[in-house]
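**Q** Could you put together the complete structure from these sequences and hints?
Chains A and B supply the protein sequences, listed in that same order. In this text, residue positions in the first sequence follow our numbering: the first is 1, and each later residue adds one. In this text, residue positions in the second sequence follow our numbering: the first is 1, and each later residue adds one.
Please keep in mind that the hints were generated in silico from the structure rather than gathered at the bench. Glycine included, every Cβ here is placed at the ideal spot set by N, Cα and C. Check the hints yourself; a few may be wrong.
Taking CB as the label site, the calculated pair distances span [as the list claims (entries may be wrong)]: (1) B:Asp27 <-> A:Ala129: 53 to 61 Å; (2) A:Ala294 <-> B:Phe106: 49 to 57 Å; (3) A:Glu269 <-> B:Asp71: 31 to 39 Å; (4) B:Gln222 <-> A:Ala140: 43 to 51 Å; (5) A:Ala294 <-> B:Asp71: 38 to 46 Å.
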Amino acid sequence: MTEPLLLARDLSMTFTRRSSLFGARARKIRALDGVSFEIAAGETLGVVGESGCGKSTLARCLLRLLRPTGGCVRFDGVDVLSLADDAMRRLRQRMQIVLQNPFSSLNPRLAGFDLVAEPLRTHRTMSRAQMREAVAALLAEVGLTSDFMSRHPHQLSGGQAQRIALARSLALNPSLLILDEPTSALDVSVQAQIINLLIRLQRQRGLTYLFITHDLGVIQHISDRIAVMYLGKIVEEAASEAIFADPKHPYTQALLSSTPSPDPASGSERIILPGAAPSAATPPPGCAFHPRCAHVMDHCRAEYPAPRAVGESHRVSCHLYENERA
Amino acid sequence: MPILTVENLQVQFTTPFGAVKALRGIDFELARGDILGLVGETGCGKSVTGRSVMRLLDENAQVTAGRVIFDDVDLLQLSEAEMRQIRGKRIAMVFQDPATALNPLFTIGQQIKDVLRAHSDLAKPARQQQAVELLASVGLPEPAQMVDVYPHQLSGGQQQRAMIALSLAGEPEVIIADEPTTALDVTIQAQILDLLRQLQRDRAISVILITHDLGIVAETCQRVVVLYAGRVVERASVAAVFADPQHPYTQGLLAALPRPGSRGSDLKVIPGSVPSGLESLAGCAFAPRCEFVMARCREHQPPLTIVGGEHQSACHLHEGAFND
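**A** The following block contains the structure:
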């Protein structure tokens with residue numbers, strides 16, 4: 001089997017928060033706890049979960065924008081966490097991130113040209129004319145005319161600004177794009193434009209995506225495989241179709257059932273979870289989902305269920321499937 | 001008879017760039033005991049409509065025409081003192097972000113008791129009792145202790161429950177909920193929508209639910225009003241709009257949603273983006289983005305036309321079917 005483009009093994013990120021000025025009692029917050037997955041080149045892995053489940057921390061750890069406190073990240077065979085800083089900077093050309101809100105991620109003082117050209121200036125040597133040509137080509141690729149070279153972020157609509165952010169992230173011809181809720185701030189009609197664009201870019205450039213979102217409609221549309229996160233852990237991972245047709249983990253089932261469907265006739269009975277997700281500072285013992293789970297058993301409260309295969313490349317961390325064989 | 005009727009509501013904002021027409025003539029009725037969805041994208045005027053009904057518009061906004069009829073009275077003609085007898089008592093509002101809508105300096109109980117003091121004849125001990133009961137009725141755990149906590153001590157979902165308890169304190173006949181679940185996670189959203197349906201059922205409260213999420217409308221509302229650029233483009237029962245959308249904008253919105261089984265395919269796109277409200281719109285505001293645009297769309301605003309039963313849509317295509 002060929003090495004996946006991106007691989008995470010047992011990735012953990014524990015933040016330490018001092019509870020007083022003098023750090024008398026430090027609180028540990030386990031934002032990521034033993035996260036493992038692989039993404040093959042050209043594939044899209046969707047990561048879905050609610051606020052605080054660690055999905056954005058995961059994105060930052062993969063790019064080493066945060067240094068994980070444990071585990072391993074390999075990108076195209078290279079151990080990302082042990083690279084020297086300058087080697088890491090070179091590697092980051094190939095792994096880029098697009099954030100949710102382009103108006104806070106794009107420098108408001110720069111015009112479209114400079115926003116898109118900045119990575120080229122940092123990493124490439126080219127003449128001004130070559131750069132103009134490159135920027136014009138990138139803008140065209142994301143569906144913007146060269147007029148946008150002179151526009152500042154405040155002159156853009158949300159969709160246009162997200163296109164600029166995409167053009168910027170593509171400037172260095174990356175292999176991997178980490179997309180952290182790239183359409184969540186957009187209206188439905190504009191969201192569809194950006195999703196279509198992302199799918200087209202992936203086909204044309206052979207890009208690999210890690211797509212983070214809380215929106216199940218979007219994630220099923222764009223992902224080959226989906227990982228469901230709850231409180232810093234991946235609780236279920238499978239092909240997109242399998243997650244939607246046959247969700248195994250009670251949390252995945254509740255998440256799917258809670259999502260309002262734009263089809264009044266669907267009329268399926270909703271699973272309404274009690275309570276809210278616990279804080280990563282005080283995770284419940286055993287399976288972190290047990291206080292909200294309708295199927296909770298005694299050992300759920302004591303022991304975290306190890307991930308087990310429940311179908312072809314379908315794994316789930318739940319004691320309910322202890323006796324099942326793949 | 002509808003409990004609330006909005007007629008030809010027009011609202012304009014004064015801005016440094018000129019007058020922005022936020023509402024260009026909104027008409028709808030809220031039937032007694034219904035949940036009515038007001039749906040549309042950013043800037044379509046759904047929140048301004050809600051705030052106009054509550055008379056909570058910012059100072060740079062003027063209502064330039066229209067009526068809001070509640071109990072045979074035009075709310076827009078009332079004095080501020082008269083309006084105070086309605087706002088919070090007979091019509092209450094639930095806002096998107098409870099963390100900013102609740103007062104951080106007072107406990108949940110104090111805020112509820114303030115409303116009770118203003119809008120009920122209850123004596124002090126009865127107000128305390130009533131506050132506890134209200135918190136219990138919205139499903140907050142340990143309501144007797146909850147009255148003494150501050151908003152920041154609650155989770156987002158609990159804050160929104162407290163906000164709803166606050167809105168219920170005046171025993172309102174109408175609740176206007178402006179994106180009440182947009183700031184919440186989907187599993188918490190399901191809890192809050194369930195609570196709204198329960199209130200509608202048990203207390204016969206009529207609800208205007210303002211949202212951008214068509215899924216929420218489909219699962220929660222009986223009737224829906226689709227807004228675009230400050231106008232009603234379509235209104236009907238939820239079943240009719242979702243089964244057979246008539247206006248090209250509504251059709252486009254529904255087609256733009258990713259759905260099960262759509263993986264990897266091209267989503268239908270509405271080109272361009274919503275108008276800002278600064279430009280004067282001759283004709284149909286949707287014309288520049290509409291795939292069916294005709295010459296007269298750019299000149300004449302199409303009126304709301306009955307396209308079947310109580311289903312109305314504002315599009316020249318409906319006339320064209322008969323006249324051309």
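**Q** Confirm or reject each hint.
**A** Outcome of the hint check:
Separated by about 57 Å at the C-beta atoms, Asp27 (chain B) and Ala129 (chain A) satisfy the suggested range of 53 to 61 Å. A hinted range of 49 to 57 Å is violated for the C-beta pair Ala294 (chain A) and Phe106 (chain B), which are about 37 Å apart. For Glu269 (chain A) and Asp71 (chain B), the Cβ-Cβ distance of about 38 Å falls inside the hinted range of 31 to 39 Å, so the restraint holds. Separation of Gln222 (chain B) from Ala140 (chain A) is about 47 Å and conforms to the stated range, judged on CB atoms against 43 to 51 Å.
Here the CB-CB span from Ala294 (chain A) to Asp71 (chain B) is close to 44 Å, well matched to the stated 38 to 46 Å.
In this structure, the one hint that does not hold is number 2.
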